[in-house]
Amino acid sequence: MTGHRSPGVPILRLGDVLVTGLLNELDDRTAIAFTEELTERISAEGARGVLIDISRLEVIDSFVARTLMELTTVARLLGARVIVAGMRPPVAITLVELGIELVGVETALNPEQGLAALGWRQAPQPLEGARRGTPR
Amino acid sequence: MALPGDSILASPGTKRSTRSDGRRPPAPASYPVRTEEDLLTVRHAVRAATVEVGFGLVDQTRVVTAASELARNAYVHGGGGTVTLEYPRDPRGRRGLRLIVKDEGPGIADLDVALTDGFTTGSGLGHGLGGARRLMDEFSVRTGPGEGTVVVATRWTVR
Chain R
1 MTGHRSPGVP ILRLGDVLVT GLLNELDDRT AIAFTEELTE RISAEGARGV
51 LIDISRLEVI DSFVARTLME LTTVARLLGA RVIVAGMRPP VAITLVELGI
101 ELVGVETALN PEQGLAALGW RQAPQPLEGA RRGTPR
Chain V
1 MALPGDSILA SPGTKRSTRS DGRRPPAPAS YPVRTEEDLL TVRHAVRAAT
51 VEVGFGLVDQ TRVVTAASEL ARNAYVHGGG GTVTLEYPRD PRGRRGLRLI
101 VKDEGPGIAD LDVALTDGFT TGSGLGHGLG GARRLMDEFS VRTGPGEGTV
151 VVATRWTVR
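Line order of the protein sequences matches chains R and V. For what it's worth, my numbering labels the leading residue of the first sequence as 1, then goes sequentially. For what it's worth, my numbering labels the leading residue of the second sequence as 1, then goes sequentially.
Bound-form chain R, shown alone (with noise of 0.2 Å):
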């Protein structure tokens, strides 16, 4: 009903990289309105990278998972590689027993391990880091 609705999660830039995280849980709105708002943040910012930290996520259902998946594939098609990192051992059992793979979705075990396979490092000098980072 509400045409446009924050989804309330912090989007951050680091670089080319945007960083976010989802919280416990998703109801189905905040999923979509997410969707929607990393993929504008993707365009406008010229985005090659996107971390999802999921650490604190408790549940998988197969709406969230159907959720990651189209959101990795939007991401794709706008040249941007999504990865989700930090799934809980007992959401990743359970998607297992659900029969979700995933598919295409790439994971990370943390948000470092994810930062470092988009290629993002921490530079020696910070500032020299960020600099390097900045599209364009």
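Keep in mind the hints are simulated off the structure, nothing from the lab. Cβ coordinates follow ideal geometry from the N, Cα and C atoms, glycine included. Heads up, some of the hints might be wrong.
Claimed, not checked - Where chain V lies over chain R, by a calculated footprint (3+ residues, C-beta under 8 Å):
1) 16-28
2) 61-72
3) 92-102
What the hints assert, rightly or not - Ranges between beta-carbon positions, derived for each pair:
4) R:L78 to V:P28: 44 to 54 Å
5) V:S30 to R:G79: 45 to 55 Å
6) V:G93 to R:E106: 38 to 48 Å
7) V:V51 to R:A44: 37 to 47 Å
8) V:V150 to R:Q113: 41 to 51 Å
9) R:E40 to V:G80: 25 to 35 Å
Got chain R sorted already, so can you dock chain V onto it with the hints?
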């Protein structure tokens, strides 16, 4: 599968000779599923119930996820319904949590097909019903055209 966090919430380490741990199981409670907000309410109630019963973290996640799938089915396919939580005991003294998910929708025309992975008529992935069955110890479905659908799913503590 055991995880480090599991033992924290495991049921009290009493011998299984006594049936009662001194606490009476909570009374059954029903929750409506009419809106998306209700889906969250159900998840919260089921999470609290799994803690009450003494499930470890993996079983908590399994049962809450199964409840989420079943409640969503009732909401999306059944046009709304109710989720009832019961706290059964089996003859061996194990505690359980039983989800009874009812709707008055059109029913499931072909249950075998609906339980097959990848089949969906809604917004999910088609893993909801079959997946929920795998996450629970006992699972039954009663459905028919015009009769609505009742899913009864139970998970037991290890001992």
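Hints, verified against the model:
Coverage of the segment 16-28 of chain R by chain V holds in this model, with 3 residues showing a Cβ closer than 8 Å to a Cβ of that chain against a need of three. By the rule of at least three residues with a Cβ nearer than 8 Å to a Cβ of chain V, the coverage given for the segment 61-72 of chain R holds, with 5 such residues. Interface restraint, the segment 92-102 of chain R with chain V: holds (6 residues with C-beta to C-beta distance below 8 Å; minimum three). Between L78 (chain R) and P28 (chain V) the Cβ separation comes to about 49 Å, which falls inside the hinted range of 44 to 54 Å.
A C-beta distance of roughly 49 Å is found between S30 (chain V) and G79 (chain R), which places it inside the suggested range of 45 to 55 Å. Between G93 (chain V) and E106 (chain R), the C-beta spacing of about 45 Å keeps the proposed range 38 to 48 Å intact. One distance hint, 37 to 47 Å for the beta-carbon pair V51 (chain V) and A44 (chain R), holds here, with the actual separation near 43 Å. Look at V150 (chain V) against Q113 (chain R): about 45 Å separates their beta carbons, and that is inside 41 to 51 Å.
The hint said 25 to 35 Å for the Cβ distance between E40 (chain R) and G80 (chain V), and at roughly 33 Å that hint holds.
Hint compliance for this structure: every hint is met.
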